Amino acid sequence: MTRATKNFNRREVLIGTGAAIAVAGLALSSPAAFAGTKSFEESYKKITAGKTLLEGRIDLDVPEIAENGNSVPLSVSVESPMSEKDYVKTVYVLADGNPSAGVATFHFTPRSGEAYAATRMRLAKTQDIIAIAEMSDGSFYKIKKNVKVTIGGCGG
Amino acid sequence: MAIIKPRVKSPKKAEKGEVIEIKALISHPMESGNRKDKKGQPIPKNMIKHFKCEYNGVVVFEIDFLSSTSANPFLTFKTVATESGELVFTWTEDSGNVYSKTSKITVE
Chain A
13 MTRATKNFNR REVLIGTGAA IAVAGLALSS PAAFAGTKSF EESYKKITAG
63 KTLLEGRIDL DVPEIAENGN SVPLSVSVES PMSEKDYVKT VYVLADGNPS
113 AGVATFHFTP RSGEAYAATR MRLAKTQDII AIAEMSDGSF YKIKKNVKVT
163 IGGCGG
Chain B
-5 MAIIKPRVKS PKKAEKGEVI EIKALISHPM ESGNRKDKKG QPIPKNMIKH
45 FKCEYNGVVV FEIDFLSSTS ANPFLTFKTV ATESGELVFT WTEDSGNVYS
95 KTSKITVE
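Chains as they are written, first to last, in the working numbering: chain A, 13 to 168; chain B, -5 to 102.
Quick caveat, the hints were computed from the structure, so don't treat them as lab data.
Do not take every clue at face value.
[Stated by the list, open to error] A partial selection of chain B residues facing chain A, derived with a Cβ cut-off under 8 Å:
#	residue
1	I(-2)
2	V2
3	N50
4	I57
5	T70
6	K72
7	V92
8	Y93
[As the list claims (entries may be wrong)] Subject to a maximum C-alpha distance of 20 Å in a straight line, what follows is the list of computed SDA-like cross-link-like pairs (lysine to any residue):
#	chain 1	residue 1	chain 2	residue 2
9	B	K72	B	V82
10	B	K39	A	K154
11	A	K101	B	V74
12	B	K72	A	E126
13	B	K72	A	P111
14	B	K46	A	G150
15	A	K137	B	K46
16	A	K63	A	E53
17	B	K39	B	K17
18	A	K101	A	G62
19	B	K17	A	H119
20	A	K154	A	E76
21	B	K17	A	S83
22	B	K10	A	E76
23	B	K10	A	S83
24	A	K137	B	K33
25	B	K17	A	S87
26	A	K101	B	H44
27	B	K72	A	Y99
28	B	K30	A	E126
29	B	K(-1)	B	K30
30	B	K72	A	V74
31	B	K17	B	G90
32	B	K72	A	L72
33	B	K3	B	V82
34	B	K30	A	A136
35	B	K72	A	H119
36	A	K63	A	G150
37	A	K101	B	N28
[Claimed, not checked] If you anchor each label on the Cβ, the simulated ranges turn out as follows:
#	chain 1	residue 1	chain 2	residue 2	range
38	A	T138	B	E77	41 to 51 Å
39	B	V53	A	D149	20 to 30 Å
40	A	K101	B	K95	38 to 48 Å
Since the structure is predicted, the reported quantities are computational estimates derived from the model, not experimental observations.
Think of the CB as a built atom: it goes at the ideal place given N, C-alpha and C, for glycine as much as any other residue.
Take the sequences, apply the hints, and build the full model.
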């Protein structure tokens, strides 16, 4: 009995631990591998699942033609009083033709004063840029603009 | 490796209640992990994933940078000048490295 237990401890436990590590490794590596590379459909669904997207209030400023996809200016602004009761919580910006659609997510607060932000993005090819604003009352507003890209900016 | 240097431009003085514009830039390669070097080896991912601005300890603006943000991400945003004090800007890298910059503002 003692011996059997000992054997079990030595061998079985070692094998068991090895398998557990392998499984844990797989579980850890797979989400990590996809974490930064969400397709457009995936990201879009995650943000908008089951919600009605209204038009208006949000404005997206991007160039019609971008000569260099490596650095394309972008600015978003949303009409809102930005008071404690009614303000813009989040603005998501997505690029539907990039290997990984997410550009940036802006988080505003009533202290932002104005829901305005600008940054620069990378674009792989000519595509649509979509900005979605989430208001504090739970409503969503959307805008879509097309950018023509002469030279792609994602390595290729 | 490029030197990572954060820079900020914000007004030194403002009137109470005024909406001020802040510009923040960090020189950073922002490798998305999708590109390959000349030998065909993938270049490891190295991104700034998060930026936040604190006004006297209160977070007034945050941004999550995702893969499609360009290198040397430049940022413009606004905030309300409420009181004199400090603005702290913090950039966080994927690896956990943190870069920060502080600027002072006088509100009259």
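Status of each hint after checking the structure:
The closest approach between the C-beta of I(-2) (chain B) and any C-beta of chain A is roughly 17 Å, which is over the 8 Å cut-off, so the hint fails. At about 14 Å, the closest approach between the beta carbon of V2 (chain B) and any beta carbon in chain A exceeds 8 Å, and the interface hint on this residue is violated. Violation of the interface hint for N50 (chain B) is found here, the shortest Cβ-Cβ separation to chain A being roughly 10 Å, above the 8 Å cut-off. A cut of 8 Å between beta carbons decides the hint on I57 (chain B): the least distance to chain A is about 5 Å, and the hint holds.
At its closest, the beta carbon of T70 (chain B) sits 4 Å from a beta carbon of chain A; the interface hint therefore holds under the 8 Å criterion. Hint status for K72 (chain B): holds, given a least beta-carbon distance of 5 Å to chain A, under 8 Å. Because the beta carbon of V92 (chain B) sits about 18 Å from the nearest beta carbon in chain A, more than 8 Å, this interface hint is broken. Look at Y93 (chain B): its Cβ only gets to about 17 Å from chain A, farther than 8 Å, so that hint breaks.
For the hint pairing K72 (chain B) with V82 (chain B), the CA-to-CA distance comes to about 14 Å; that is within 20 Å, so the pair holds. Of the supplied pair hints, the one linking K39 (chain B) and K154 (chain A) is violated, its CA atoms being roughly 30 Å apart against a limit of 20 Å. The hinted pair formed by K101 (chain A) and V74 (chain B) meets the criterion: a straight-line CA distance of about 16 Å does not exceed 20 Å. As the CA atoms of K72 (chain B) and E126 (chain A) are separated by approximately 6 Å, the hinted pair is consistent with the 20 Å bound.
Distance hint between K72 (chain B) and P111 (chain A) is unfulfilled; the C-alpha atoms sit about 31 Å from each other, more than 20 Å. Taking the CA atoms of K46 (chain B) and G150 (chain A), the gap is about 23 Å. The hint is violated against a cut of 20 Å. Between K137 (chain A) and K46 (chain B) the CA atoms are separated by roughly 30 Å; this puts the pair beyond 20 Å, and the hint is violated. Proposed proximity of K63 (chain A) and E53 (chain A) is supported: the alpha carbons are some 15 Å apart, at most 20 Å.
Restraint check for K39 (chain B) and K17 (chain B): not satisfied, since their Cα atoms lie roughly 26 Å apart, outside the 20 Å limit. Simply put, K101 (chain A) and G62 (chain A) have alpha-carbon atoms about 18 Å apart, close enough for the 20 Å limit, and the pair holds. For the hint pairing K17 (chain B) with H119 (chain A), the CA-to-CA distance comes to about 16 Å; that is within 20 Å, so the pair holds. A distance of roughly 18 Å separates the Cα atoms of K154 (chain A) and E76 (chain A); the hinted pair therefore holds under the 20 Å criterion.
In summary, the hint linking K17 (chain B) to S83 (chain A) is supported, as the alpha carbons are separated by about 17 Å, within the 20 Å threshold. The hinted pair formed by K10 (chain B) and E76 (chain A) fails the criterion: a straight-line CA distance of about 38 Å is larger than 20 Å. At roughly 36 Å between alpha-carbon atoms, K10 (chain B) and S83 (chain A) are farther apart than 20 Å, so this suggested pair is violated. Note on K137 (chain A) and K33 (chain B): the hinted pairing is violated, with a Cα-Cα distance of about 24 Å set against a maximum of 20 Å.
Of the supplied pair hints, the one linking K17 (chain B) and S87 (chain A) holds, its CA atoms being roughly 13 Å apart against a limit of 20 Å. Between the alpha carbons of K101 (chain A) and H44 (chain B) the distance comes to roughly 16 Å, so the proposed pair stays at or under 20 Å and holds. Taking the CA atoms of K72 (chain B) and Y99 (chain A), the gap is near 14 Å; set against the 20 Å cutoff, the hint holds. Taken as a hint, the K30 (chain B) and E126 (chain A) pair is broken in the structure, with Cα atoms around 40 Å apart against an allowance of 20 Å.
A distance of roughly 25 Å separates the Cα atoms of K(-1) (chain B) and K30 (chain B); the hinted pair therefore is violated under the 20 Å criterion. Of the pairs offered as hints, the one joining K72 (chain B) and V74 (chain A) holds, with about 19 Å between alpha carbons and a cut-off of 20 Å not exceeded. Under the criterion of a C-alpha separation no larger than 20 Å, the hint pairing K17 (chain B) with G90 (chain B) is inconsistent with the structure, at around 23 Å. Between K72 (chain B) and L72 (chain A), the direct Cα distance comes to roughly 16 Å. Compliance with the 20 Å bound is thereby established for this hinted pair.
Between K3 (chain B) and V82 (chain B), the direct Cα distance comes to roughly 12 Å. Compliance with the 20 Å bound is thereby established for this hinted pair. For the given pair, K30 (chain B) sits about 15 Å from A136 (chain A) by alpha-carbon distance, which is consistent with the 20 Å threshold. Using a Cα cut-off of 20 Å, the hinted pair K72 (chain B) and H119 (chain A) holds, with the two alpha carbons roughly 12 Å apart. Distance check on the hinted pair: K63 (chain A) and G150 (chain A) sit about 9 Å apart at the alpha-carbon level, within 20 Å; holds.
As the CA atoms of K101 (chain A) and N28 (chain B) are separated by approximately 31 Å, the hinted pair breaks the 20 Å bound. Distance hint for T138 (chain A) and E77 (chain B): a CB-CB separation of about 47 Å, consistent with the stated range 41 to 51 Å. Here the CB-CB span from V53 (chain B) to D149 (chain A) is close to 21 Å, well matched to the stated 20 to 30 Å. The hinted range of 38 to 48 Å is not satisfied by K101 (chain A) and K95 (chain B), whose Cβ atoms lie roughly 26 Å apart.
Checked against the numbered hints given earlier, the structure breaks hints 1, 2, 3, 7, 8, 10, 13, 14, 15, 17, 22, 23, 24, 28, 29, 31, 37, 40 and satisfies all the rest.
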